[in-house]
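Chains as they are written, first to last, in numbering that gives the first Met the number 0: chain A, 0 to 427; chain B, 0 to 165.
Hints are not guaranteed to be accurate.
Restricting the straight-line Cα-Cα distance to at most 25 Å, the calculated cross-link-like pairs of lysine to any residue (SDA-like) are [to be verified]: (1) K72(B) <-> V143(B); (2) K62(A) <-> D281(A); (3) K187(A) <-> Y259(A); (4) K24(B) <-> T88(A); (5) K103(B) <-> K47(A); (6) K24(B) <-> Y259(A); (7) K32(B) <-> A394(A); (8) K24(B) <-> N1(B); (9) K24(B) <-> G101(A); (10) K47(A) <-> E82(B); (11) K187(A) <-> E82(B).
DEER-style ranges, computed between Cβ atoms [to be verified]: (12) N74(A) <-> K32(B): 39 to 45 Å; (13) Q121(B) <-> P203(A): 48 to 54 Å; (14) E111(B) <-> A20(A): 45 to 51 Å; (15) T128(B) <-> P60(A): 39 to 45 Å; (16) N1(B) <-> T29(A): 24 to 30 Å; (17) F22(B) <-> E352(A): 53 to 59 Å.
It should be emphasised that the hints constitute simulated quantities derived from the structure, not laboratory data.
C-beta: ideal position from N, C-alpha, C; glycine also.
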Amino acid sequence: MGRMHGMTMAEKILARASGRARVRPGEFLTAAVDLVMANDAQFPQSCKALEDIGLKRVFDPEKIVVVIDHWVPANTPMVAEMHRGIRATVKELGIRHFYDAGVGIEHKVIPEKGHALPGQLIVGSDSHSTTYGALGAASTGIGLTELAYVMYTGKLWFQVPPSIKFNLTGRLGHGVAPKDLMLALLGKFTTQAGQYKSVEFAGPAAESMSMEGRLTLANISSEMGAKFALFAADATTVEYLRARTNVPVRAFGPDEDADYEAVHTIDCSKIEPQVAIPHKPDNVKNVSELSEIRVDQAFIGSCTNAHAEDLQRAALIMKGRKVAPGTRFLVIPASHEVMVEAMKNGSLATLVEAGAMVGTPGCGPCAGGSTGVLGPGETGIASTNRNFKGRGGSAESFLYLASPETVAASAIEGRIADPRKYLPKGPQ
Amino acid sequence: MNIRGRVWKFGDDINTDYMAPGFVKNQPWELVKKAILHIHPGFTSGFKPGDVIVAGENFGCGSSREAAPANLKRLEVGCVVAESFGRIFLRNSIAIAFPVLICKGVTAEFEEGEELELDFAQSLVRNKTRGTEIRGTPLAPELVRIVTAGGMMQLLKQQAAGPGGA
Ligand code: SF4
Chain A
0 MGRMHGMTMA EKILARASGR ARVRPGEFLT AAVDLVMAND AQFPQSCKAL
50 EDIGLKRVFD PEKIVVVIDH WVPANTPMVA EMHRGIRATV KELGIRHFYD
100 AGVGIEHKVI PEKGHALPGQ LIVGSDSHST TYGALGAAST GIGLTELAYV
150 MYTGKLWFQV PPSIKFNLTG RLGHGVAPKD LMLALLGKFT TQAGQYKSVE
200 FAGPAAESMS MEGRLTLANI SSEMGAKFAL FAADATTVEY LRARTNVPVR
250 AFGPDEDADY EAVHTIDCSK IEPQVAIPHK PDNVKNVSEL SEIRVDQAFI
300 GSCTNAHAED LQRAALIMKG RKVAPGTRFL VIPASHEVMV EAMKNGSLAT
350 LVEAGAMVGT PGCGPCAGGS TGVLGPGETG IASTNRNFKG RGGSAESFLY
400 LASPETVAAS AIEGRIADPR KYLPKGPQ
Chain B
0 MNIRGRVWKF GDDINTDYMA PGFVKNQPWE LVKKAILHIH PGFTSGFKPG
50 DVIVAGENFG CGSSREAAPA NLKRLEVGCV VAESFGRIFL RNSIAIAFPV
100 LICKGVTAEF EEGEELELDF AQSLVRNKTR GTEIRGTPLA PELVRIVTAG
150 GMMQLLKQQA AGPGGA
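Same shape as in the complex, but just chain A (with noise of 0.2 Å):
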């Protein structure tokens, strides 16, 4: 018998969680999962398929987080009375961990409050569930049926993924993002590189990333199809995690000899910043070939790119500059905590200043549910993560995507503007 191979992420999480000694791609199993992720957009919902066959209880209310955000503050009395409704029901099922309008946007909260942990096996209500993978979870989206399912049993079925790596060597240029690499990818790989994959990002590019960083590129894998998107858990996670979980973390990675369907090295200095055209998000271009684009709203926010480095980043483009006119500034900080942070760094003041309007810490109209979104023939540029027609606003209207940086500088000009002209000289 020849010499069996190593395990990636995926297959070492989901052997552990389904009480195998190995797993191979293409394996069907049933696993335990470690925390379940439900929101606004479905939790009511999943709550009343249970109901609706008479079973009121949930496998373990310390592994369900419930987290309200994308019409947040309510907009409508159904929304308000929505929210209600989920308050009285986290208390009825015993879910202490419950984070109320306001606190911020699902895939910002989980990461923050110290829930996603490395080698866990996590599902959530929403596509993109996949950010937990910056912390090594493996990490999926569910819908609502599946969530009511899993939050009686606590089990769901899962095929075991073939396993692909982005060996990211170099850096990132001066005013080149995490999000601008993520673009690239998904120019370069299109939107099914990721299909039923688990996506592991590796190499010295993804090692000296920042948390933040992580969190965006496992973010947008979601967009590249990717079933998980698994940053191995190291010295950034350990630290990242020290002061939010009283649970001992420690460094997670795939074996060595692990097999890959593919492994693509990118090297991050060739990046130029990136944006996506409508409407879909590997529609992508340099920025510089998009100059000629007039923007009625520049809108930084959503779980992609709201992060305080991010606010942080857009204010040292737009210090001492004013959004022009004709043009809408929107920034939704992705978090409480991220807001406060803002503000005691003076990115909010700086952001405030040059003229933007702030939102309450949430989805805002990155899926079109709350305020700011977009009228028939306007055109938008966003941090966030998906340009279908339609999302953010009005069917008619056109959606880029692109950095915090690229936005912020594209409010400025009131068309889509590279960022590095207006960043000071010498490396951040």
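We have chain A; now place chain B with the ligand onto it with these hints.
Leaving out everything else, chain B with the ligand in the frame of chain A:
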């Protein structure tokens, strides 16, 4: 479980926003119905219950909204056979017992308006108009069991009613 119907064809990357658009959220079904898959010029006006969908890569990509397959099911789309699916769409479809099949090469096998027959248990797709046959990727027996039980909530109901509960 055999499903037979007239084919509507869709291309690649048909996302869930097209099947459950935000702009008809919470609207009456009569309005929702007219917006489902509005990306296809003839579909909203020409679809008849029982018709089926043949699609390219990544059908149902994007948001995790279960309303996407649920709307297709409520519209009485017989099944979707696609080159590949967005993974959450595939999971959601199985969870609510809406028949879907991954079938490489299916787009070349069908023209719009032709007659398709799906033998779900065997993962076999027949073109009744041409008299040809193509095989899709079989689903694991556990997943076929979920679909034949009528979906995950039905399964849970049976389990919860069984000895000792789930
Ligand atoms: S910010 Fe946007 S992408 Fe993120 S969870 Fe909210 S709606 Fe979804």
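Checked hints:
no.	hint	result
1	K72(B) <-> V143(B)	holds (17 Å)
2	K62(A) <-> D281(A)	violated (35 Å)
3	K187(A) <-> Y259(A)	holds (19 Å)
4	K24(B) <-> T88(A)	holds (23 Å)
5	K103(B) <-> K47(A)	violated (37 Å)
6	K24(B) <-> Y259(A)	violated (41 Å)
7	K32(B) <-> A394(A)	holds (17 Å)
8	K24(B) <-> N1(B)	violated (32 Å)
9	K24(B) <-> G101(A)	holds (23 Å)
10	K47(A) <-> E82(B)	violated (34 Å)
11	K187(A) <-> E82(B)	holds (21 Å)
12	N74(A) <-> K32(B): 39 to 45 Å	violated (26 Å)
13	Q121(B) <-> P203(A): 48 to 54 Å	holds (50 Å)
14	E111(B) <-> A20(A): 45 to 51 Å	holds (49 Å)
15	T128(B) <-> P60(A): 39 to 45 Å	violated (55 Å)
16	N1(B) <-> T29(A): 24 to 30 Å	holds (29 Å)
17	F22(B) <-> E352(A): 53 to 59 Å	violated (35 Å)
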